[in-house]
Amino acid sequence: MKTFLHQLLRPFLRRRRKEEANSGEPSRKSGDRDAEKHRRREPADDPVRTHPEKVRFSRRVERDLQLIQDAFGHSADLVVRRFRTARGEEAAVVFINGLVSTPSISRYIIEPVMTGERPGETVAAEANPLAVLRDALTGLTYGQCLLLRDGRDPVACDVRDWEKRSVPTAELEPSEQGSNESFLEDLATNTVLIRRRLRTENLQIEKYILGRESRTEIRVAYLRHIARDELVDEVRRRLQRIDIDAPLSLSFLQELITDTPWSPIPNAVLTARPDRTAGMLLEGHVAILMDGTPMAMLVPGTFVSMLQAADDYASNFYAASFTRGIRWLATLIALLASPVYVSIISYHSELLPTRLLFTIAAGRDGVPFPPLVEAFLMELAFELLREAGLRVPRQIGQAVSIVGVLIIGDAAVRAGLISPFMIVVVGLSAISSFAIPSPALADTVRLLRFPMILLGGILGLFAVTMGVLVILAIMISARSFGVPFFTPFAPMVGRELEDAMVRSPAWRQLYRPWQVVQLGRLRQQPSGQKPQPQSSREDPDGS
Amino acid sequence: MDMYDRGRERRGRVPYEISWWQLTTILICSHLSLVVSYTPEITGWRPPVRDAWLAVLLAWIPGFLSSLAAWWVAKRFEGQNLFQITRRVYGRFLGTLANIGLIAYFLYWATLITREFSVFTASVVFLRTPEFLFAILFLLIGFVAASLQIEFIGRGAELSAPFVIGGLLLLILGSLPEVDLGMLQPFLAEGWLGVFRQAATPIVVFAEAGLVALLTMPYLNNLQDGPKALQVGFAINVFFAAATAAILVGMFGVELMALASFPAASAARLVRLGTVLERVEWILVVLWLGSMCVKLGLLLLGARLGLSSLFPGIHPAWLLSFVVTAVFIWQLFILPTLAHVLEIFVFRLRLRAWPHLAAELTPLLLAAVAFLRRAGADRS
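Taken in sequence, the protein lines are chains A and B. The working numbering applies: residue 1 is where the first sequence begins, and numbers increase by one. The working numbering applies: residue 1 is where the second sequence begins, and numbers increase by one.
Just to be clear, a hint being listed does not mean it is correct.
[As the list claims (entries may be wrong)] Derived Cβ-Cβ restraints for the label pairs, each shown as a range: (1) A:Thr260 x B:Phe239: 36 to 42 Å; (2) A:Thr260 x B:Phe187: 37 to 43 Å; (3) B:Leu127 x A:Pro451: 23 to 29 Å; (4) B:Thr129 x A:Ala319: 44 to 50 Å.
It should be emphasised that the hints constitute simulated quantities derived from the structure, not laboratory data. In this text the structure is predicted, and so the values were computed from the model without any measurement. Each residue gets a CB set at the ideal place from its N, CA and C atoms; glycine is no exception.
Turn these sequences into a full structure, and let the hints steer you where they fit.
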């Protein structure tokens, strides 16, 4: 078979070789020559490349250096500095340029060892002896500096220092009255941002390295006395079974650990806000943070949690309940406004009062498309504008939106291509989709809107209702890490309804969600938290 | 991952669990879905008596007793489903025969419901769409519900029951301005005999709850809550059925009611919500769909569970596919016209379908035999 294929492809292969020779491109022949040489030199089963966790250090500088250099394939950014200790022993430091603070290496590692100030040790704050090559390689890629000395185990010193942003403001999930701090790409800073809000020894942070090629650091945070052991074990189990080359983002990771791999509805909460993360940790959820990603993933995620925002707990509970209701309404409008409009105009015009019907009919007069096509075109145009606005620089993005909405929309109505009512309906559903706090859920709603419009255009309200039933069926049958996705509505948990569609006062929030909490469901003392200021008439002195 | 789905981890017991509220809402969905579509308390005897609402208040008692018997049986045979209980009570041979009868009945009932609901949809809202199209859509949703088991049906009922209740509230409150109290007077004009005659069909319809309870009660997570679920479920059903009967008679009068095929839908056509909506029958239908799917899903699940008890080696998905296909084919050949469907609710004709009534009495019979044979009792 292989021979047959080779015969079949021979003319093509020959032509390709000729093309490469003629073009003179620095392909495998010149540019990558060194790398190619190394690749050829190394056998496929070289343990340094295939199983570095099994390769132990020999405590001899030359040999251990050779191991590290072989593992990195003589990478250009790998820096080796050889020197002698005060006792005359061979020594070397190894680090990756750009990830470390070189003055710190000179001052706190090389100088003490060379001068004999502290001949046996460094003065780095974090220095761990290493036994196997894997630990050294991982350490180097995370900004550690390796100190090699004859007769001793290599030591990994933490001198990481790379360019990073300062703590940014939460642009994705801004808050009007609460904190506006946001996660950034640096994992250590993100952990600190959580710990600053939960200064308890019960906050556990576990570390995992995922990705055969990326060696991405993942941290799992939870409150050990609140989160259920089964939940934490399940998170561990699902993370440990991942064996891919690189988990590139948290969304990517979410797809690898989700309960419902084919569901269009996300079932983990992604947030960029440390205060929201802390709040959900207090409810027994588990946070997963990834190096290089300015977000946290919180599991289990429920539908209700995706419609909650950090601002809910930073404003008065009446106002918070009202805005929460607005968000639910916005979700319904974003999903159903266009399909219901198409259904009513196409099939159920008798539902509308006569005057309203005449107004709509007058607006549609001369429009060449049926409502279904009209709605599809407008929704597509909106998605185009949105995508274009995201891909261009922010200043131009605003201009694109204004041009799209005002000029193109107005021109389409004047040209008689679209009815003014359709512009109103699509605009309303577009604005509503922006009111959904979870970007992942908003994307899903926008996506589901298209099949719903199609259903409405084919079979009217009946089909729209069937579509809603299917969406509800997906949601009520789904689980997120074992927790029903549509709780506390289905299954109904009466006590938790208080903090679902409305936000109850702080003194009434007695219980944590029962599905994720192992002990101590009570958040506060069950009695006595309701403020009861002393009445002026009840003077304690009785005077 | 079934970490918190403790129902599936119960060894040697029925898998899955439902709460008492879910059981209540299943009862509500299975009864009110019929009230919204065919309003049997009115259409069971034509012309209806002015006191049709009073007939409803009498009709629930046998159904409630039957449901209580179902609860007693489920409690006596805790952790076993209907078909396992039947075999334990009647013995292996008779139990298997009884199970075959129950499977046939569930298939028949599911067929009837599919046909009734597809004819209703085609007659009320989509006059030019073939009925079999609705049958396919309903059976697809029912298939999904039944394949996801009682847990899903319970959650679906939890969400659907408020909608069907909301739809009936909308109908009742919207119709109030049109109600003429004179139409309901004089009280007991046709005498108690008329009221009892009118109660005949609602008695049979309420008795369906007994079988629904027998099917769902073994899955209750706390069997002590069984009576509470039955009480709340029956109270809501009775209230809405009686209120709908009173409103409809008060709105149209008994003469017009004798002619109406779908009284609730006819009333909904006349309801206006200010200047926003001219008529609400569409909203009523939309709010009714979920409860209809719950009922159909439950019946399909019943038939599937029965077949699984007979053929434990066959994968449930195949058995469910068979059930759905059989129901679809069967419904093509029964009740060819709307008139035939409406006759189902006429008590005289309903009695002829004796297996229907016999099946509804199953919980009472089962409880009586179990009691006499002391089956399931703690012999220690």
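Hint-by-hint comparison with the structure:
1. A:Thr260 x B:Phe239: 36 to 42 Å: Distance hint for Thr260 of chain A, Phe239 of chain B holds at roughly 39 Å.
2. A:Thr260 x B:Phe187: 37 to 43 Å: violated (57 Å)
3. B:Leu127 x A:Pro451: 23 to 29 Å: holds (26 Å)
4. B:Thr129 x A:Ala319: 44 to 50 Å: Given about 47 Å between the Cβ atoms, the range holds.
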